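S.K.: One letter stands for each residue in the lines below.
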Amino acid sequence: MLTETRQDFLVELRGHDGGLGILPCPPSVPKAHRFQGGLIYSRMIEIEGRVVAPEGLADRRMRVWLDQLESWHFSRGQPPHIGDILDRTGELPGGGLEATLYIPKEAWVTAVCCLSTVWRRLRMTGANGDGRRMTLVDFSFSSDGPPSH
Amino acid sequence: MGELTVLPEGAEVEIEVVLMLPEEAIAPTATFLASTWKHLQIKTYDEGPGGAKASAYFFQASIHPNLEAWANAD
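If you read the sequences in order, they're chains A and B.
Numbering follows my numbering, with no gaps: position 9 of the first sequence is 14.
Numbering follows my numbering, with no gaps: position 34 of the second sequence is 51.
One chain only, chain A, in its complex shape:
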């Protein structure tokens, strides 16, 4: 489905979960990705969403993951990697539309607060669709209510 060169998405936010998990780190994890030397620190937030647009995907569930923008998301000569939109239908039980969004660390506390209180919609633009994946070009959250039918 994610085949367009450029595609705008509108997602209604229905709930969220996660945000803090600490667990022992397996030896296979590189030291650079460990927390305090031997732990995994997950701050990732999972948002339950419903696609409003594009029409072809309307009413489908979309799982949105929020994480922090890190230095490795930036590289010379390429735009920053701020996220992806994926269609994982059939890959796993319950697999479907997913989006991963990376937001600046400075905005994390604000995002957590707004997600819990104000934000109701997510707008995204994806590009370079290959059928299963699109690169995220931009995204924004807003408090707009669901569309009236």
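Incorrect hints may appear among the rest.
[Claimed, not checked] Some chain A residues close to chain B (C-beta under 10 Å, calculated; not the full set):
(1) G26
(2) V34
(3) P35
(4) Q41
(5) Y46
(6) S47
(7) R48
(8) I108
(9) K110
(10) C118
(11) S121
(12) T122
(13) V142
(14) F144
I should point out that these hints are in silico values taken from the structure, not numbers from a laboratory.
All values derive from a computational prediction rather than experimental measurement.
The C-beta atom is built at its ideal place from N, Cα and C for all residues, glycine as well.
Dock chain B against chain A, hints included.
M.R.: Leaving out everything else, chain B in the frame of chain A:
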């Protein structure tokens, strides 16, 4: 990263838990506790009659379907 202590009989609560959080997680934790989280999952080791140590923990709004039977067991 934390510990569970079984308090003496007659105490106001039966178990007390102390968890260490990353410093940067304090502010989001305050917001999530007030708005989103309803469950805390703790993995333990060194269990004894007086308590246990925490090896992992997760805060969640809902119990994952895979864990519902376990979480509701006596």
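S.K.: Minimum Cβ distance from A:C118 to chain B below 10 Å?
M.R.: The hint holds - A:C118 has a Cβ within 10 Å of chain B, the shortest such distance being about 5 Å.
S.K.: Quick check on the hint: A:V34 CB to chain B CB, less than 10 Å?
M.R.: violated (14 Å)
S.K.: Taking the least C-beta to C-beta distance, is A:I108 closer than 10 Å to chain B?
M.R.: Nearest chain B Cβ about 12 Å off; hint violated.
S.K.: Hold the hint about A:Q41 up to the distance rule: shortest CB distance to chain B must be less than 10 Å.
M.R.: For A:Q41, the interface hint holds, since the closest Cβ of chain B sits about 8 Å away, which is under 10 Å.
S.K.: Is the shortest C-beta separation between A:T122 and chain B less than 10 Å?
M.R.: holds (7 Å)
S.K.: Per the CB criterion, is A:S47 less than 10 Å away from chain B?
M.R.: holds (8 Å)
S.K.: If you take the shortest Cβ to Cβ gap from A:G26 to chain B, is it below 10 Å?
M.R.: holds (4 Å)
S.K.: Is the interface hint for A:V142 satisfied, with its Cβ closer than 10 Å to some Cβ of chain B?
M.R.: Since the shortest Cβ distance to chain B is 27 Å, the answer is violated.
S.K.: At a threshold of 10 Å, is the proposed contact between A:K110 and chain B supported by beta-carbon distances?
M.R.: holds (8 Å)
S.K.: Do the numbers back the hint for A:Y46, that is, is its least Cβ distance to chain B under 10 Å?
M.R.: holds (6 Å)
S.K.: Hold the hint about A:R48 up to the distance rule: shortest CB distance to chain B must be less than 10 Å.
M.R.: With a minimum Cβ separation of about 7 Å from chain B (threshold 10 Å), the hint on A:R48 holds.
S.K.: Holds or violated: A:S121 as interface residue toward chain B, Cβ cutoff 10 Å?
M.R.: OK, holds: A:S121 within 10 Å of chain B, min 4 Å.
This entry does not satisfy hints 2, 3, 8, 13, 14, going by the numbered hints stated previously.
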